[in-house]
Amino acid sequence: MNDVVDFRELITERFGEFEKSLNGSSPILLKSIRKEALERFSLTKFPTTKDEEWRFTNILPLLKYSFDPIVDKHELNVKDISNFKLKDSFKNHIVFVDGIFSEELSASNSLDKLVIVKNLSIACKEDQELFKKHFSKYAHFQDNAFTALNSAYIKDGAFISVPDNISVEEPILVLFISTAMNNQPLVQPRNLYITGRNSKVTFVEHYISLSSNTYFTNAVTEIVVGENTTLNHIKIQEESSSAFHISRTEIDQERDSNYESVSISLGAEISRDDISSKFNGEGGECTLNGLYLMDNTQLHDTHTMIDHAKPYCNSHEHFKGILDGKSRGVFNGKVMVRPNAQKTNAFQENNNIILSNEALVNTKPQLEIFADDVKCSHGATIGQLDDESMFYLKSRGIGEETARTILIHAFASDVVKSIKIDSIKNYLENILDQRFNKES
Amino acid sequence: MLEIKNLHVKVEGKEILKGINLTVNAGEVHAIMGPNGSGKSTLAQTLAGKTEYEVTNGEALFEGKNLLDLSPEVRAREGVFLAFQYPIELPGVSNTNLLKTALNEIRKYRGLEAIDTMEFLSMIKSKMKLVELEQSLLSRAVNEGFSGGEKKRNEIFQMAVLEPKLAILDETDSGLDIDALRIVANGVNKLKTKDNATIVVTHYQRLLDYIIPDFVHVLYKGKIVMSGGKELALELEDKGYDWVKEDIPQV
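Just so you know, the protein sequences line up as chains A and B, in that order. By numbering that gives the first Met the number 0, the letter at position 209 of the first sequence is numbered 208, and the numbering carries on one by one without gaps. By numbering that gives the first Met the number 0, the letter at position 100 of the second sequence is numbered 99, and the numbering carries on one by one without gaps.
Do not rely on the hints blindly, as some may be mistaken.
To be verified - With a Cα cut of at most 30 Å, we get these calculated DSBU-like pairs of lysine-lysine: (1) B:9 <-> B:150; (2) B:193 <-> A:424; (3) A:342 <-> A:309; (4) B:99 <-> A:419; (5) A:34 <-> A:309; (6) B:191 <-> B:164; (7) A:416 <-> B:164; (8) B:99 <-> A:84; (9) B:238 <-> A:424.
The set of hints was computed from the structure by calculation and includes no laboratory data.
Work out the full structure: start from the sequences and follow the hints.
This is how it looks when you write it as structure tokens:
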């Protein structure tokens, strides 16, 4: 346990140095959040498997490292990331290298002038009104060690604002590249996405790595979906295989808003997604889809929480897992229906396919319903590829590997199809092909 | 083409086939009839290579190769096709994708190039007409949400595309109304050539009004107890399977 103390102490010890490295350029608001969060962090323990919310996800392997919270700026040029073809299909992209904004790699070519896409360290000065109104208002750090850690060291991240009555046609890509060249960095993106009324926008977050080094991404993202606004959010996590990825997404949904997300988890040794949405007005719609593809000793944990705080809201969740090797999957879906939230519809489904004898899944629905006129359902399955389906495909001349690939594609297809951007859909189909079609 | 010799098969430890002997030549249609539980479907599925079925004795030579030594996919590539009694639903797998993948794997095995996409599309469209299937079914998932009749027609459609040398139709007629039956039978008849052969496994004589067999075999308690021409089927229809059971006191 000494190691754990070391990492915690390190975070506290280096705070002064971190503040100095910012050259006093932050607004007072940020300074006070950092300070308060650091205090909170020093009082909050990292979760253990004794905590119900972390029962199946042991983060001790993560705490063995002394991740460096002060990350040097690492310059990359376009050539360095030429392998990431997916970026090319997005006219508008904002890029972060080891958590720090890269102006050279970013571009916004086809956006309405009123749409703001910039990095947080600039936005906190230039867009103070919006910033003050929303920043750190949804992802509270009081009872969450990882959010406290992120908040204590807030430096950069994506800031996107879409004002009222704007439909943003082109999706906006937020690309996080890890180089992890020097030490074992603690990369802590802090993102804020705000939408006004009657708007529409799609965000794509893509986490990638240039190395197979060890680092720790601890991301916090706050999202405001304005009244009658539709927000699509796609997150693809492709961290290095020895990285750690902890991500918290807090969504605030106003009246008649529609939030739809697809979370794809492919990389990292240990990854955890906490996705929480709160309905702050009637008529809201929230769809959370996800796919996790794990192999070797990887572990992925998705925790969702949908807070039906108001009546007449619908939520749909569908998460699917494909697990090979000795990997583990965890799904915990909490739905809270508050006493006045009548006419709530909440549906949740988690399906898993296990391809090996040693892979394991823990899945748990958690419905807390305090209203009486609601429709809620949940379902969970864990199984193997169906023998009858395999035989059927083989009887048509299709070989073992191809048949497996076809069935795995088919299993993943409803989640993949819920992505409305063709380039991403194709990108994922290719990944599925490469992972499972060993013949080709 | 196919020569089955003394085939014994166990399913879940129980012997179902107890020494089947059957020879099928190119250009022939053989009907295998028999009461429920006589082993008809076991025979069909064993020839297609279902792994749960344990062959304890005998062989099945297909053009000189012992089928029983081959994996299900290699049997299919060699030219064996099974139309399933209960076609499997494959959500998320489109009919086109299944057919194209299957056809290309078969072609690859035979040293042929992958089929050109345009050529493939026009070919499958013409073959769909054979079994009067709607083109919209192509983009739908295999058998998902299909009616019973559509599923059976889809099996014959797959057969038309894959052009097997030996087709085994496992109770393709069961559950079909008379119109669907006529369509299915029509498709099978049109696919018949002097170079391929068909084994029709059925419980009812009705199908044989449309697909005229050259030979009829009666399977009972895991053995072929009677063989004859198409008139045997009519006799069976007339007298029922009890006649067979009485006639064969002890198997």
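### Message
Which constraints among the numbered hints does this structure fail? Numbers only, ascending.
### Response
Hints 2, 5, 7, 9 contradicted; others consistent.
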